[in-house]
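K.L.:
Which chain is which? The protein sequence lines are A and B, in order.
Residue 1 is where the first sequence starts when you use the numbering used here, and the numbers rise one by one after that.
Residue 1001 is where the second sequence starts when you use the numbering used here, and the numbers rise one by one after that.
Hint data in this document are derived by calculation from the structure and do not stem from the laboratory.
Idealized CB from N, CA, C, for every residue including glycine.
Hints may be right or wrong, so weigh each one.
As the list claims (entries may be wrong) - Covered stretches of chain B (chain A as the covering partner; in silico rule of three or more C-beta atoms under 8 Å from a C-beta of chain A):
1) 1033-1043
2) 1063-1077
3) 1088-1098
Chain residues, written in single-letter form:
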Amino acid sequence: ELKVEQNPLFLSMQEGKNYTIYCNYSTTSDRLYWYRQDPGKSLESLFVLLSNGAVKQEGRLMASLDTKARLSTLHITAAVHDLSATYFCAVDSYGGSQGNLIFGKGTKLSVKP
Amino acid sequence: GAGVSQSPSNKVTEKGKDVELRCDPISGHTALYWYRQSLGQGLEFLIYFQGNSAPDKSGLPSDRFSAERTGGSVSTLTIQRTQQEDSAVYLCASSPWGGGQPQHFGDGTRLSIL
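Pulled out of the complex, with its shape left as it was, chain B reads as follows (with noise of 0.2 Å):
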């Protein structure tokens, strides 16, 4: 079957540019999460999403992070005014219903920020 899909798989651009990252979670699958991997900080929560419920934002590094999920489904995590300290790889993970459960990754989205 169909696995958690990213895209784009990689994206450059310039300082200061809005980016917006895609994730389509395995159907049926109500928890959503988007972490960030890079080679200073390793695999950083970003967010999570449960069904209707409000998200857990708690892992966002700033305010120019932001995500929504619509129709508890695709998701969108998007990063405004980007800095070259945002350049990493941002995995977005779906599973069932959340804790307790393997989360299946996505391939990732490589942002570099020139």
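For reference, chain A alone in the conformation it holds in the complex (with noise of 0.2 Å):
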């Protein structure tokens, strides 16, 4: 059974730090998915990691993938109060054939000035 495993869930952070979160996952896949979610909303495709070394950057959010670890990380550079949200990753059930996601229970990020 394919397993997600993000760390931490919870997060408290000061505006203008830096933090990493973590994603383990327990079979092979070259495909990662990261997602954001505002309180009451629906999720936001943030990145898609389609391969070992894959590293994506947007704004002050950076993934990167290493799929012989099995271990994505989403790193937050100089964080600000816009960036709170409850952050996921997933992974395709099938190692990529389908799309079935297999999600992370979630990272809730809250950035404090």
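Hints are included, so try docking the two chains, each in its own frame, into the full complex.
P.N.:
Below you can see the structure in the form of structure tokens.
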């Protein structure tokens, strides 16, 4: 059974600080997704990582994938309040062939001034 | 452009009743997914449709749950004889053709079973 584990599950940061969210998964896959969810809202796609060593950046967020270690990271640089949300990583349950996603439990990020 | 549309946005019903939830995917997207999100279980995959292929029903939690997709577009998720543990937000997503692409999620239907 494919398992996806995120840590930390809760993260309280000060504005301007850097931090990393980790996503480990239990089976081989070369497709890893990051989503953002604001309270009461639906999921918004942030990044799709499709190969070992993939790195993508958007604003203050940078995601990377190491398929050999079965690890993805989401790095936050100089956090701002607008980044407060819950962040989910997800992996294709069939190793990328179909797209049924297995999600981690999410990391609830709170950025305080 | 229009995103994934779900209706109703909220549904309150009594235990034992049947409910139907609707999803209208982004035009042209062949892949359609249903998930549910609850505090206890997080985000769970339910069912996947791809074009005219037989759906992947491996995530449906019991035979009370069923779904169909008519004409390769609109999908309906039906829950029969609802139970309190069915209370959750039911999310629909679509993507152009499946794996390796971001899924676009609707706003969900919040289902409450009294």
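K.L.:
Find the hints from earlier in the document that the structure breaks and name them by number, from lowest to highest.
P.N.:
2
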